[in-house]
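**Q** Each chain, written out:
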Amino acid sequence: MTPDLAQIQPERKRAAVELSRAGVTFGQAGARVQALQPTDLRIDEGEFLALVGPSGCGKSTILKLVSGLTRPSEGAVIVGGREVAAKALRIGMAFQNPTLLPWLTIEKNVMLPLKIVRPFRHDFARKKRGEYRDRVHAALADVGLQGFANHYPWQLSGGMLQRANLCRALIHDPSLLLLDEPFGALDQFTREELWGTMQDLWIKRRPTVILVTHDLKEAGFLGTRICVMSARPGRIIDDSPVTFPRPRSIEMTFQPEFTALNQRLRERIISARQEVTA
Amino acid sequence: MTYALRRRLWAAALILAFFVTWEVLCLALNVSDLIVPRPSQVIATLWVRMPVLWPHILQTLWTTMIGFALGVIVGVVIGALIGTSRVAYDTAYPLLIGFSSIPKVAVVPIFVLWFGAGPVPAVLTALAMCFFPIVVNIATGLATTEPEMEDVLKSLGASKMDLLLNVGLPRTMPFFFASLKIAATFAFVGTVLAETVASNKGIGNVMMSASSNFDVPLVFAGLFILAFLGVALYVVFSVIEGRVVGWANRRTDLSPS
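Line order of the protein sequences matches chains A and B. Residue numbering for the first sequence follows the working numbering, starting at 1275 and increasing by one per position. Residue numbering for the second sequence follows the working numbering, starting at 319 and increasing by one per position.
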């Protein structure tokens, strides 16, 4: 399936996610920790935004805001034209820890969102052996996990678990995909393999993606845009588009243009870290 | 020889050795059967008196099962309530611990006062004895569920009920079965306790009247029956456990086989 160019570059982009002066403060009076300074951020539909920054800078807080798991202490978070309330959204999420349920097979794990999310859940009892099962098997084949549907999570390697995790995040065709360092715990080669898988999935389905990572190479390989955040309390200090053509290859990451982008972002992050220690 | 088979043989050998030692000690020390009867005497008594004992065994068995079933229902409901809500956990725990600390012997006369002597106090005592371990285990299992597991479902818009049915309860199953094995034996203790205090039927009642007649072998026969029923119930739950929560038992050398 070749992506339709007009679809990749729509003339008028709609905002998929909009943070306006959204900030988060944890704790009660006296021991307040500001996790995220009031932040403005607009993410267009179909964009692949990579969020990088030092650890503890509030990257994950932005994800939790967008998913509705955390409420903003101030400002507003608009997702799909509406103020966030977790119920109404169609979001897919994947964390660094694959969090597959150990008592379910891979097939049943991947099928879980169809059991929960409207409108799929209404037909779940009727379709779980037919249409939904085929859908899960097709998704598993997409990420190279054909033949593992009836395995339990503990029988799979870390990389395979993360592939299944991506399947679960995408099985209900979410328009918004939130990834919190999903490749962070993998070895270098598995990680690069999964970047390729992730890119294929994105080109095929074109969801809006927010990827939190501390790997600049990963951000440059996958992102259409990279936002750099400062150390806590977090704020966005750099926002650059990534224009390398797709599909991108690992070889591309050794090109001078890519290295230059990498180098520039690296310096931004290092100076942001020094602001804190100084 | 497989490990599982060897383990069973060892368990059987230990039980046999226990009874043989008992028998030999009684003979060697010339212990009167009014103090401690020999196992062979007890088994002979069981054999001869079985037609008379049988209705009492059934009585004890069904009152225990009803008390146990009610205890499981009450235990799961209370455990689910206090395991899913921090507030309920903190407020209800002192009361529950207070209740479970009361010696159940002291409660039986109250039940008898309310419902008269018979099966009802036995059922209620069994319930009172066995629900607490279930509450504690269900509540602990739910309260220790990894938030990341729930976050995945929450971001999909799952309701509290969805979370409980899809994450909380399945994850709690190993805890639940561990508590069932304790609760089942507790339920027997409760029934027999109530039967010894106020009933005219059941193994507890048999033992009580036998001991007032100095029929010590019959008292011991009652003990044997109770031990056997307890082990039987334990085995039943072990088998069910192996089927339901096999996923939690990956170390094959320890899993029930």
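Worth flagging that the hints you see were computed from the coordinates, not collected in a lab. Any given hint could turn out to be false.
Said to hold, decoys possible - Listed below are the simulated BS3-like cross-link pairs for lysine-lysine, each with C-alpha atoms no more than 30 Å apart in a straight line: (1) A/K1491 / A/K1389; (2) A/K1402 / B/K499; (3) A/K1382 / A/K1402; (4) A/K1389 / B/K478; (5) B/K478 / A/K1382; (6) A/K1491 / A/K1478; (7) B/K478 / B/K499; (8) B/K499 / B/K519; (9) B/K478 / A/K1401.
What the hints assert, rightly or not - If we take Cβ atoms under 7 Å as the criterion, some of the chain B residues that face chain A in the derived model are: (10) V470; (11) D480; (12) L482; (13) N567.
The beta carbon of each residue, even a glycine, is placed where N, CA and C say it ideally should be.
**Q** None of the hints should be skipped; say for each whether it holds.
**A** Status of the hints after comparison with the structure:
no. : hint              : in the structure
1   : A/K1491 / A/K1389 : violated (36 Å)
2   : A/K1402 / B/K499  : violated (35 Å)
3   : A/K1382 / A/K1402 : holds (9 Å)
4   : A/K1389 / B/K478  : holds (14 Å)
5   : B/K478 / A/K1382  : holds (20 Å)
6   : A/K1491 / A/K1478 : holds (22 Å)
7   : B/K478 / B/K499   : holds (29 Å)
8   : B/K499 / B/K519   : holds (26 Å)
9   : B/K478 / A/K1401  : holds (24 Å)
10  : V470              : holds (6 Å)
11  : D480              : holds (6 Å)
12  : L482              : violated (13 Å)
13  : N567              : violated (11 Å)
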